[in-house]
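Asker: Protein chains in written order, with full-length UniProt numbering: chain A, 1 to 159; chain B, 1 to 270.
Read the hints as simulated data drawn from the structure, not as lab findings. Misleading hints may appear alongside valid ones.
[Unchecked claim] SDA-like cross-link-like pairs, simulated, lysine to any residue; straight-line CA separation at most 25 Å:
1. B:Lys89 x B:Arg63
2. A:Lys124 x B:Thr45
3. A:Lys159 x A:Asn116
4. A:Lys124 x B:Val8
5. B:Lys188 x A:Tyr89
6. A:Lys124 x B:Asp197
7. B:Lys82 x B:Lys188
8. A:Lys124 x B:Ser75
9. B:Lys82 x B:Gly211
10. B:Lys188 x B:Pro218
11. A:Lys124 x B:Asp202
12. A:Lys124 x B:Arg190
[Claimed, not checked] Using C-beta positions, here's what the derived DEER-type ranges look like:
13. A:Phe8 x B:Arg190: 30 to 38 Å
14. B:Glu49 x A:Ser150: 36 to 44 Å
15. A:Trp28 x B:Glu55: 42 to 50 Å
16. A:Ser127 x B:Leu36: 51 to 59 Å
[Said to hold, decoys possible] According to the in silico footprint, chain A covers these stretches of chain B (three or more CB under 8 Å from chain A):
17. 7-19
18. 22-33
19. 36-45
20. 70-83
21. 101-114
Predicted model, so just to flag it, every value in this text is computed and none were measured. For each residue, glycine too, the CB sits at the ideal point set by N, CA and C.
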Amino acid sequence: MEANNRWFIAVTVVVALLLAVMPLPYQWLWFRPAFTALLVIFWVNYMPQSLGVGFAWAVGLLEDLVTGAAVGSQALALAVVAYFSLLTYQRTRAFNMGQQLMWVFILVGINQVLGNWVHSLAGKPVSGLTFLWPAVTSALLWPWIAPWMSGVAGRLHVK
Amino acid sequence: MLGLAAVVLIAINHYTDWLQPLRERAAGLAAPLYWLTGAPERVGTWAGEQLRTREELLEENSRLRRQVLLLEQRSQQLAAVKAENTQLKELMNSAGMVDERVLVAQVIGVSPDPLEHVLLIDKGRDDGLTLGTPIMDASGLLGQVIEAGGSASRVLLITDSSHAIPVQVLRNNIRAVAEGTGDLYRLKLRHLANTSDIREGDLLLSSGLGGRFPAGYPVGEVIAIDRDPGRPFAEAEVVPRGRMNRSRFVLAVVGESNASGSGDKDLGSE
Chain A
1 MEANNRWFIA
11 VTVVVALLLA
21 VMPLPYQWLW
31 FRPAFTALLV
41 IFWVNYMPQS
51 LGVGFAWAVG
61 LLEDLVTGAA
71 VGSQALALAV
81 VAYFSLLTYQ
91 RTRAFNMGQQ
101 LMWVFILVGI
111 NQVLGNWVHS
121 LAGKPVSGLT
131 FLWPAVTSAL
141 LWPWIAPWMS
151 GVAGRLHVK
Chain B
1 MLGLAAVVLI
11 AINHYTDWLQ
21 PLRERAAGLA
31 APLYWLTGAP
41 ERVGTWAGEQ
51 LRTREELLEE
61 NSRLRRQVLL
71 LEQRSQQLAA
81 VKAENTQLKE
91 LMNSAGMVDE
101 RVLVAQVIGV
111 SPDPLEHVLL
121 IDKGRDDGLT
131 LGTPIMDASG
141 LLGQVIEAGG
151 SASRVLLITD
161 SSHAIPVQVL
171 RNNIRAVAEG
181 TGDLYRLKLR
191 HLANTSDIRE
201 GDLLLSSGLG
211 GRFPAGYPVG
221 EVIAIDRDPG
231 RPFAEAEVVP
241 RGRMNRSRFV
251 LAVVGESNAS
261 GSGDKDLGSE
């Protein structure tokens, strides 16, 4: 295949945004995985030479605008997540699935902490550690998403 | 560098309203996404409607007929009462009641953030909605518009923890401010005088003070009062009348009554 099929990245971004605003029952809202964070972690690990902090920042800004959150909050959180992923991608690629899972938990946890920081700036009360639930669900989702995504990306020769 | 830019953006967003036009534009851009995520549910509803049996439809039909009859009877009385009311007001030389223009809007999405009680509806500036337009459903007030895009708007519900609405008790016109709690089924009256005459079961109406919400729409019902003599104020728990997370269609009041004044407050972000 000649083309490098970059459109697949755009498709995954749109899908992640769709999942991020998908309606869920009120009681389940806290357990929604941070899909955009997973997306950023995956792509930065998959092609660190071309996708990095800027990509994450743009995705975050899009998410802020779509969800109506404070503009810049997800941009900041995802940029930081992408930065850490860039620093460590050489090691994380050698991790087994269990280690990857823990690492994803920590990265999404950072994402949540930053998001929560902006929330408290806006005066929204957060009870305890509930804001970390998305990190747990995201980590549990990782073993399904990552192999599938890298399989499709590999077959499409995304580079 | 980009992190810094993000922090600056957050600060601008938090302390000024320069980004308001951008956010309003974004509400319109986001609408298709929400619309798409709502598609499975709409297909379900559509199928449910198409596949209903004749008996069900007949039954619903007769139920609606009965309801219409009841409402018509009530509206007959209403006309008489309204005429009388206008007359009395004229006698008292006070301002007349303004008939509000009401628009039906469809809810196309809810905020994915559990800390924000925000709805996305499919009407915007093109339909006459502006910042602060009151939104209600058949049973009570829901909230107000905080971002009006061209054809979609975001609505802050009265249960959001940054929202407060001036109310008064139907029984004796005692005024209070009902604050959102961040819980979809609770409002709170803080700072009630310990001696104020509020009872469980009292209906709260919007008082119209502050000039943003029209007066006289049901807001909620008092279910519990906490009078602790040791504290300077009593508190009351209120269950909102509007169905915050059930309404598929909402009403936007785009009449005279929404003066875009400051008045009733958004405590926090917007």
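Asker: Indicate whether the distance between the beta carbons of Phe8 (chain A) and Arg190 (chain B) respects the range 30 to 38 Å.
Answerer: Roughly 53 Å apart at Cβ, these two residues miss the hinted range, so it is violated.
Asker: Are there three or more residues in the segment 22-33 of chain B whose C-beta lies within less than 8 Å of some C-beta in chain A?
Answerer: The restraint on the segment 22-33 of chain B holds, since 7 of its residues have a Cβ under 8 Å from chain A and three suffice.
Asker: Hint check: Lys124 (chain A) vs Thr45 (chain B), CA-CA at most 25 Å. Holds or violated?
Answerer: Outside the cut-off at roughly 35 Å; violated.
Asker: Run the distance test for Lys82 (chain B) versus Lys188 (chain B): straight-line Cα separation, threshold 25 Å.
Answerer: violated (32 Å)
Asker: Straight-line Cα separation of Lys124 (chain A) and Ser75 (chain B) no greater than 25 Å?
Answerer: Since the Cα atoms of Lys124 (chain A) and Ser75 (chain B) sit roughly 43 Å apart, the hinted pair is violated (cutoff 25 Å).
Asker: The segment 70-83 of chain B covered by chain A? Criterion: 3 or more residues, Cβ-Cβ distance below 8 Å.
Answerer: violated (count 0)
Asker: State, for the Cβ atoms of Ser127 (chain A) and Leu36 (chain B), whether the hinted interval 51 to 59 Å holds or is violated.
Answerer: violated (32 Å)
Asker: Checking one constraint from the list: CA of Lys159 (chain A) to CA of Asn116 (chain A), max 25 Å. Satisfied?
Answerer: Distance ~34 Å between Lys159 (chain A) and Asn116 (chain A) Cα, so the pair is violated.
Asker: Does Lys124 (chain A) pair with Arg190 (chain B) here, judged by a C-alpha cut-off of 25 Å?
Answerer: holds (18 Å)
Asker: Starting from Lys188 (chain B), check that the Cα of Pro218 (chain B) is at most 25 Å away, please.
Answerer: holds (15 Å)
Asker: Sort out whether Arg63 (chain B) lies within 25 Å of Lys89 (chain B), counting only the CA atoms.
Answerer: violated (38 Å)
Asker: When you take the CB atoms of Glu49 (chain B) and Ser150 (chain A), is the distance between them in 36 to 44 Å?
Answerer: Given range 36 to 44 Å: holds, Cβ gap about 43 Å.
The structure fails hints 1, 2, 3, 5, 6, 7, 8, 11, 13, 15, 16, 20 (numbered hints given earlier, in ascending order).
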